[in-house]
Structures are given as structure tokens and as C-alpha cells.
Amino acid sequence: MQLLREAYLLLWKDLVLELRRRESLLTMFFFGTLLLFVFHFAFDLPPDRVADMAPGLLWLAFLFTGTLGLAQLFQAERDNQCLEALLLSPLDRGALFLAKMSLNLILMLLVEIVVIPLFWILFNLDSWNLLPQILAITLLGTLGFCVLGTILAAVTLRARARELLLPLVLFPLMIPVILATIQCLGAVLRAGELGEALPWLRLLIGFDVIFLTVGVLIFDWVIEV
Amino acid sequence: MVKSVEKTKRGTGILGALAFTAVAVGLYWGLVQAPPDALQGDVQRIMYLHLPSILTAYLSFFLVFIGSCLYLWKREKRDDNLAHSAAELGVLFTALTIVEGSIWGRPTWGVWWTWDARLTLTAILLLIYTGYLMLRSLIDDENRAAVSAAVLGIIGFLDIPLIHMSVYWWRTLHQPPSILRPDKLPWENVDPAMLAALGVNLLAFMLLYFYLLSLRLRLGEVRNEIKSLRLSRGAY
Amino acid sequence: MGPWGFVFLAYGIVWGAILVYLFSLKRRYSCALEELAQLRAAEESNEDAK
Amino acid sequence: MRITIQRLSKAYGLLWALREINFALAPGELVALLGPNGAGKTTLLKLIAGLIPPTLGTIDLNGTPFQRANPALREQIGFLAPGGHIYENLTLRENLRFFTALYKQSHDPAAIGIALRNVELLDRADDYASTLSSGMKCRLSIAKWSLLQPGLLLLDEPYGVLDGSGVDLLESFLKAHCQKGNIVIMASHHVSRVLNICNRAMILHRGRLTFNAPRREPWPEFDKAFGEFLPHGELCSS
Chain A
1 MQLLREAYLL LWKDLVLELR RRESLLTMFF FGTLLLFVFH FAFDLPPDRV ADMAPGLLWL
61 AFLFTGTLGL AQLFQAERDN QCLEALLLSP LDRGALFLAK MSLNLILMLL VEIVVIPLFW
121 ILFNLDSWNL LPQILAITLL GTLGFCVLGT ILAAVTLRAR ARELLLPLVL FPLMIPVILA
181 TIQCLGAVLR AGELGEALPW LRLLIGFDVI FLTVGVLIFD WVIEV
Chain B
1 MVKSVEKTKR GTGILGALAF TAVAVGLYWG LVQAPPDALQ GDVQRIMYLH LPSILTAYLS
61 FFLVFIGSCL YLWKREKRDD NLAHSAAELG VLFTALTIVE GSIWGRPTWG VWWTWDARLT
121 LTAILLLIYT GYLMLRSLID DENRAAVSAA VLGIIGFLDI PLIHMSVYWW RTLHQPPSIL
181 RPDKLPWENV DPAMLAALGV NLLAFMLLYF YLLSLRLRLG EVRNEIKSLR LSRGAY
Chain C
1 MGPWGFVFLA YGIVWGAILV YLFSLKRRYS CALEELAQLR AAEESNEDAK
Chain D
1 MRITIQRLSK AYGLLWALRE INFALAPGEL VALLGPNGAG KTTLLKLIAG LIPPTLGTID
61 LNGTPFQRAN PALREQIGFL APGGHIYENL TLRENLRFFT ALYKQSHDPA AIGIALRNVE
121 LLDRADDYAS TLSSGMKCRL SIAKWSLLQP GLLLLDEPYG VLDGSGVDLL ESFLKAHCQK
181 GNIVIMASHH VSRVLNICNR AMILHRGRLT FNAPRREPWP EFDKAFGEFL PHGELCSS
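Residue numbers (my numbering), protein chains in the order written: chain A, 1 to 225; chain B, 1 to 236; chain C, 1 to 50; chain D, 1 to 238.
Please note: incorrect hints may appear among the correct ones.
To be verified - Straight-line alpha carbon distances no greater than 25 Å define the calculated DSS-like cross-link-like pairs of lysine-lysine that follow:
1. D/Lys46 x B/Lys74
2. D/Lys175 x D/Lys46
3. B/Lys77 x D/Lys46
4. C/Lys26 x B/Lys77
5. D/Lys180 x D/Lys46
6. B/Lys9 x B/Lys227
7. B/Lys227 x D/Lys46
8. B/Lys7 x B/Lys227
9. D/Lys46 x D/Lys104
10. D/Lys104 x D/Lys180
11. C/Lys26 x B/Lys227
12. B/Lys9 x C/Lys26
13. B/Lys9 x B/Lys77
14. B/Lys7 x C/Lys26
15. B/Lys77 x B/Lys227
16. B/Lys7 x B/Lys77
17. B/Lys227 x B/Lys74
Bear in mind the hints are in silico, worked out from the structure with no lab data behind them. Computed from a predicted structure; not experimentally measured.
With these hints in hand, go ahead and build the complete structure from the sequences.
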């Protein structure tokens with residue numbers, strides 16, 4: 001309980017800061033939208049194939065915007081050595097992990113809630129009734145991304161060239177999430193239901209649970225000064 | 001202390017001699033003694049390298065995991081040295097596995113590269129542990145580098161089963177698994193001479209692996225010792 | 001290239017790479033040992049001076 | 001609060017920043033930590049605060065070995081870095097509320113108001129911290145630690161940014177803090193100032209503790225030790 005209270009406190013602080021600085025959310029949002037246009041120019045999607053390619057394209061957009069968010073994640077703590085102030089305090093490091101993870105999750109979800117419908121509009125898809133399921137799957141995938149991404153953002157925090165290093169170590173480890181989410185989304189878009197993609201959903205949930213636990217347990221070492 | 005150094009040195013020497021004998025025997029068995037495969041012909045002999053090298057790579061990554069856990073727990077430089085050394089060897093053997101797979105694939109499938117589950121998986125492992133080595137080299141503070149790398153070593157290893165599962169499912173959705181099927185164990189319906197060749201080569205790789213590992217560990221130890229000597233002389 | 005060509009290519013690359021790695025290890029090791037010996041010698045001469 | 005430090009050493013890469021520091025402090029001591037630039041003052045403070053791990057040696061707080069993993073001990077240590085450790089885009093009040101909550105103290109709005117009034121910042125309470133000058137930020141930090149009341153307070157050169165009344169504020173806070181049995185260690189270059197309020201002085205020189213004694217008046221030993229690294233005598237104890 002203490003853990004959650006501390007995490008809530010930190011998250012409140014981060015959200016207030018984000019509302020005032022508007023650094024991450026706006027850039028992430030515009031980048032995500034921009035990517036949709038770039039994809040359109042790059043692939044020149046024929047209308048009948050859009051539905052097949054939608055999961056991959058959407059996830060590519062989310063991966064990039066999410067990485068953008070992760071690179072900014074600890075920025076508020078780097079200014080003025082606030083990370084030091086947090087580490088000095090009796091705060092449980094697991095709470096710091098939960099707070100930062102939730103922050104990136106919230107930012108990414110806000111972007112996704114706009115970008116997914118935008119994708120449907122821009123590429124003339126009419127399967128609007130599937131959006132709730134698609135958002136639910138995206139939520140699970142995004143959770144997996146944020147969980148592992150937050151751990152690795154903290155691991156690379158003190159490395160040189162960390163903005164470049166982060167995707168380098170993150171993306172290979174992310175492959176289960178990428179594959180599972182794309183397969184689930186594809187199944188929903190094709191058949192309107194998960195059907196045989198159910199094991200993928202289980203894998204995704206398993207990934208989320210495993211690394212959420214690992215993150216809370218291991219973050220004390222990760223963030224150590 | 002000098003005596004124990006001498007002893008480990010002699011131990012490594014014996015291990016090296018054993019390894020190279022085993023490698024020579026393995027070469028003979030693999031290239032001469034074992035019969036060509038009924039389906040694939042002589043190209044199948046690459047398998048005598050392929051399987052042992054991927055197994056040693058997996059062993060490496062397991063050792064990285066063990067070393068990382070021990071380091072986070074006890075903070076002994078020795079454990080970090082183990083993780084670092086094993087990662088380096090693991091990357092080498094993974095890279096070799098990919099090269100062998102590719103060379104084997106060319107006559108078998110007609111292409112150098114295909115998105116076969118095993119090849120893809122090996123490539124991902126290579127990416128993960130190259131990232132591990134890069135992370136180490138990009139952090140200046142030695143303790144930080146060791147801690148960060150240890151965390152990555154643990155996470156990477158925990159992720160391997162998940163990656164394995166996902167890549168395997170992903171491929172089996174699109175095409176039936178190629179030659180190596182998981183439901184058919186490798187030792188069923190196989191010529192005993194081929195099995196023996198595989199066994200000898202596996203032994204040779206293990207011996208060679210531990211020989212290289214002990215050399216690499218000693219290198220790390222000497223480097224640590226140099227650092228501590230420099231420190232004890234210190235500027236002030 | 002016949003099947004044996006591929007086999008020898010694979011064996012050549014693998015054992016070549018392992019040998020190269022082995023020699024580079026040995027070289028790095030002997031360099032490190034040399035440095036260590038130099039340091040130790042410097043240490044001793046320092047102590048003698050004291 | 002008692003603190004015992006034994007054989008504390010820290011190396012950065014191949015250079016020793018601190019070597020074999022030993023000392024013990026009793027409740028109520030206000031220590032002036034002196035030394036030229038690069039002597040290792042900040043390193044020593046950060047080691048005690050647990051912000052960097054020592055290469056060798058131990059720190060005991062109240063008889064318990066200090067481990068960063070122990071939140072109950074972390075709670076006892078404050079570190080005042082002038083200008084730092086403040087969220088620029090939170091208001092002063094929000095900053096204080098956040099940190100008191102972080103230290104699991106009930107954030108009584110009245111107490112926060114009083115703390116702000118004590119450092120003469122009450123009228124700026126709802127401005128963003130980014131609008132403060134560095135001296136005011138230092139005052140805000142003083143307010144923060146006066147609320148949190150750590151058993152051991154470390155300060156890293158607080159005088160540089162404070163004006164006359166700020167210095168008075170700081171000094172009366174530190175004196176009061178020590179009288180409650182807490183320990184204060186303050187690193188500074190303003191020798192005459194810190195010597196006025198401290199009751200013990202330490203001199204770090206090239207990573208070693210070259211002088212450590214309770215204050216006396218007059219103090220020839222100190223002048224001698226201090227003169228060793230300041231041959232020109234621009235600053236002296238009197």
C-alpha cells in the first residue's frame with residue numbers, strides 16, 4: 001500500500017509537471033501523426049491492403065513515439081539534480097518505477113486514443129465497431145512496452161549516447177510484445193474476434209506480468225547512484 | 001598465492017590440450033567418419049558445428065545471467081568478470097551459429113537467409129547481447145557499468161523464453177517448420193555414427209568453450225589487478 | 001560450389017574465427033601481464049627508495 | 001544522532017578522491033568542512049548522504065552500518081544543495097508539500113506556511129520555483145530541511161548564493177538544529193563565516209583529513225594546518 005501511495009505521489013508530481021511543460025505529450029502526438037503521413041507516402045497503401053498492414057504500421061508508429069517518450073522520461077529528474085533528491089528520500093525505488101512507467105503509459109495511451117481513430121479516417125477504414133477491442137489490445141501491448149522501456153531507460157540513464165543506445169537494447173527485447181500485439185490486432189481486424197490469436201494474448205499478458213514484477217523488484221539496483 | 005596461480009595456469013593448459021585433442025577427433029568424426037545424410041548429403045556435416053555452437057551460446061547466456069545475479073547480490077568483481085566474459089564468448093558463438101546456419105541454408109533452401117524461426121531467434125540473441133556489450137562500453141563509471149549490465153543480463157535472459165515462444169509461433173503461423181521439427185527428436189532414426197559425431201563435437205565445443213572462458217576470465221582478473229595496483233599507488 | 005565446398009567454408013570460418021579470437025585473447029593477456037609486471041617492478045623500486 | 005566513519009575511501013576511475021577518512025561525531029556537533037577546490041569535500045558529503053557508493057570503508061549511523069537500501073536511515077539524512085533538488089515547475093508550496101509527503105510527514109499547510117514565512121518567501125508561495133533567484137532557491141531549501149528535520153544535515157557551500165539576511169537565517173537555523181541534538185556538516189570556502197558558528201572544524205587536503213578538532217579560541221593549530229594549503233594567508237581563522 002505504501003508503495004502505491006508513494007507511486008501515486010510521484011505520478012501526481014510528474015503529471016502536474018507535464019501539464020505545465022507540455023514537453024513530451026505534444027511532441028509525441030505530433031510525431032505519431034507525422035508518421036502516419038510518412039507511412040502513406042512510403043508505402044502508397046492500396047485501399048484493399050490497408051487493413052492487413054494497419055497493425056504493423058500502427059505499432060511502428062507507437063514504438064517510435066514511445067521511444068521518444070522514454071528518452072524524456074527522466075528529464076524532469078535530471079534538471080536541478082532532482083533525481084538525487086528522490087534517491088536521498090526514504091522513497092521505495094519500486095514506487096519510482098511504477099510512477100515513471102505509468103507516466104509513459106498515460107502519455108502513450110493519450111497519443112494512441114487520437115492516432116488510432118485518425119488512422120481509420122486517413123486510410124478510409126470502416127471497421128469502427130472493432131475499435132474497443134483494438135484499444136484494449138493496444139493497452140496491453142503499450143503496458144509491456146512501458147514496463148520494459150522504463151527499466152531500460154533507467155539502465156541507460158548514465159550511458160553516453162543514451163538516446164541512441166536505448167532503442168538499440170530495447171527493440172530486440174521488445175520482440176515478444178511487438179509480435180504478439182500485431183498478431184492479436186491482425187486477428188481482430190481480419191475476423192472481428194481474437195479466435196486463434198488467443199495464445200498471443202496470453203503471451204502478452206504474461207510478458208506484462210513478468211516484467212512488471214521484475215521491474216518493481218529490480219529497480220532499486222537499476223536506479224542506484 | 002603464486003602457487004595457486006601456477007596451478008590454475010597448469011589447469012588451463014591441460015584444458016586447452018584436451019580441447020584441441022577433442023576438436024581434432026571431432027573434425028575427423030564430423031568430416032570423415034560420419035556418413036552423409038540420406039536427404040541432405042554432405043552439407044548436413046555443418047550440423048556438427050551448428051548444434052554445439054548454439055548450445056555453447058545458450059550456456060554463455062546462462063552464465064551471464066548467473067554472473068549478473070551474483071554480482072547484484074554480492075558485489076564481487078569476480079562475478080561481473082564472469083558475466084562480461086561469458087557475454088563476449090556468447091556473442092562470438094552466436095555470430096558463428098548464424099554464419100553456419102546461413103552457409104547451410106544456401107544449398108539446402110537455396111538462399112543465404114530465410115526468416116526461419118531458429119535463424120531469426122539466433123539473430124535476435126546476437127542483437128541483445130551486442131547491445132549488452134555496447135551498454136558496458138558506453139558507461140564510464142566502472143561500478144555503474146557493472147550494475148547496469150547486470151540488470152540487462154538478467155532481463156535479457158528472462159526474455160529469451162518469451163522471444164523463443166513468440167518467434168516460433170510467428171513462423172509456424174506462416175509456414176510449416178523446415179528441417180528441424182520440435183516434435184521429432186534429433187536422435188530418432190539417426191545413424192549411430194552421426195550421433196557419435198555430434199556427441200564428440202559437442203564435447204569438443206564444451207572443452208574449447210571452457211578453455212576460452214578460463215583464458216578470458218584470467219584476462220579480466222589481471223586487468224582488475226592492474227587497476228587496483230594503479231589505485232593503491234594512486235596519484236595522492 | 002558443391003556440398004563439400006559449403007562444408008569447408010563453414011568449418012573454415014568457424015575454426016578460423018575461434019583461432020583468431022584465441023590468439024587475440026592470448027595477446028591481450030600477455031600485454032596485460034606485462035603491464036602488471038611493470039607496475040609491480042615500479043612498486044618494488046618505490047619501496048626500496050623509501 | 002551519532003556518526004562514525006572508518007577508513008572511508010573513494011576512487012573515481014584510477015584516481016583517489018578520498019583516502020582513509022576516519023572520524024566520529026557526537027550529537028549536536030556543527031562541523032565546518034574546509035579545504036581547497038578538489039580536496040574531496042563534495043565527494044565526502046555525497047558518500048555520507050549515500051549518493052555514491054564508497055570504494056572502501058564504512059559509515060555507521062547511530063551504531064547501524066549505513067546501507068542505502070534502508071529507508072529508515074535514509075530518512076535521517078538531509079543534503080542541502082543550494083539551487084538544486086527543487087522542481088522548477090512546481091510552486092514553492094507544492095515543492096514543500098511534495099517533499100514532506102515523500103518523507104511520510106503529514107503535510108500540514110500551516111506548517112508549510114510558517115516555514116516559508118521563516119525564510120521570508122511567504123509572498124512568493126504560489127509562484128513557480130523557476131522564477132526564484134538562486135539565493136531564494138537556497139532559502140527554499142532551508143525551509144524544506146527545517147520542515148523535514150533530518151538527524152544529519154549536510155550542506156555544500158550554501159554561502160555563495162545567500163545575501164546578508166539569508167546568511168543570518170541559515171546560521172540561526174543551523175544553530176537551532178544542532179541544539180536539538182542533530183549533526184550538521186557544512187562544506188564551505190567562507191572560512192571566517194563557518195568558523196564563527198561551528199563547534200568543530202575539519203580540513204580536507206588532497207583527499208585526506210589533515211585536521212579535525214573541536215573549536216578553541218584562539219586556535220593556532222588550525223591556523224597552522226590551514227596555512228599549509230593557503231600559503232598567502234588571504235583567509236584566516238580570526
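Quiz item: Taken at face value, is the distance from the CA of D/Lys46 to the CA of D/Lys180 at most 25 Å?
Solution: 24 Å, holds
Quiz item: Taken at face value, is the distance from the CA of B/Lys227 to the CA of B/Lys7 at most 25 Å?
Solution: 23 Å, holds
Quiz item: Taking only the CA atoms, is the gap from B/Lys77 to D/Lys46 under or equal to 25 Å?
Solution: 23 Å, holds
Quiz item: Between B/Lys7 and B/Lys77, does the CA-CA distance stay at or below 25 Å?
Solution: Given pair B/Lys7, B/Lys77 holds - Cα atoms ~21 Å apart, limit 25 Å.
Quiz item: Under the criterion that the straight-line Cα-Cα distance not exceed 25 Å, is the pair D/Lys175, D/Lys46 satisfied?
Solution: 22 Å, holds
Exercise. Starting from B/Lys227, check that the Cα of D/Lys46 is at most 25 Å away, please.
Key: 24 Å, holds
Exercise. Quickly compare the C-alpha distance for D/Lys104 and D/Lys180 to 25 Å and report which way the hint goes.
Key: 21 Å, holds
Quiz item: Does B/Lys227 lie within 25 Å of B/Lys77 when you go C-alpha to C-alpha?
Solution: Holds. B/Lys77 to B/Lys227 sits at ~12 Å (cutoff 25 Å).
Exercise. Given the hint that D/Lys46 pairs with D/Lys104, test it: the Cα-Cα distance must not exceed 25 Å.
Key: Cα-Cα ~23 Å, so holds.
Quiz item: CA of C/Lys26 to CA of B/Lys77, is that 25 Å or under?
Solution: Status holds; Cα separation ~22 Å.
Exercise. Below or equal to 25 Å on CA atoms is what counts here, so check B/Lys7 against C/Lys26.
Key: Judged against 25 Å, a Cα distance of about 18 Å means the pair holds.
Quiz item: Is it true that the CA of B/Lys9 sits at most 25 Å from the CA of B/Lys77?
Solution: 20 Å, holds
The earlier numbered hints are all upheld by this structure, with none contradicted.
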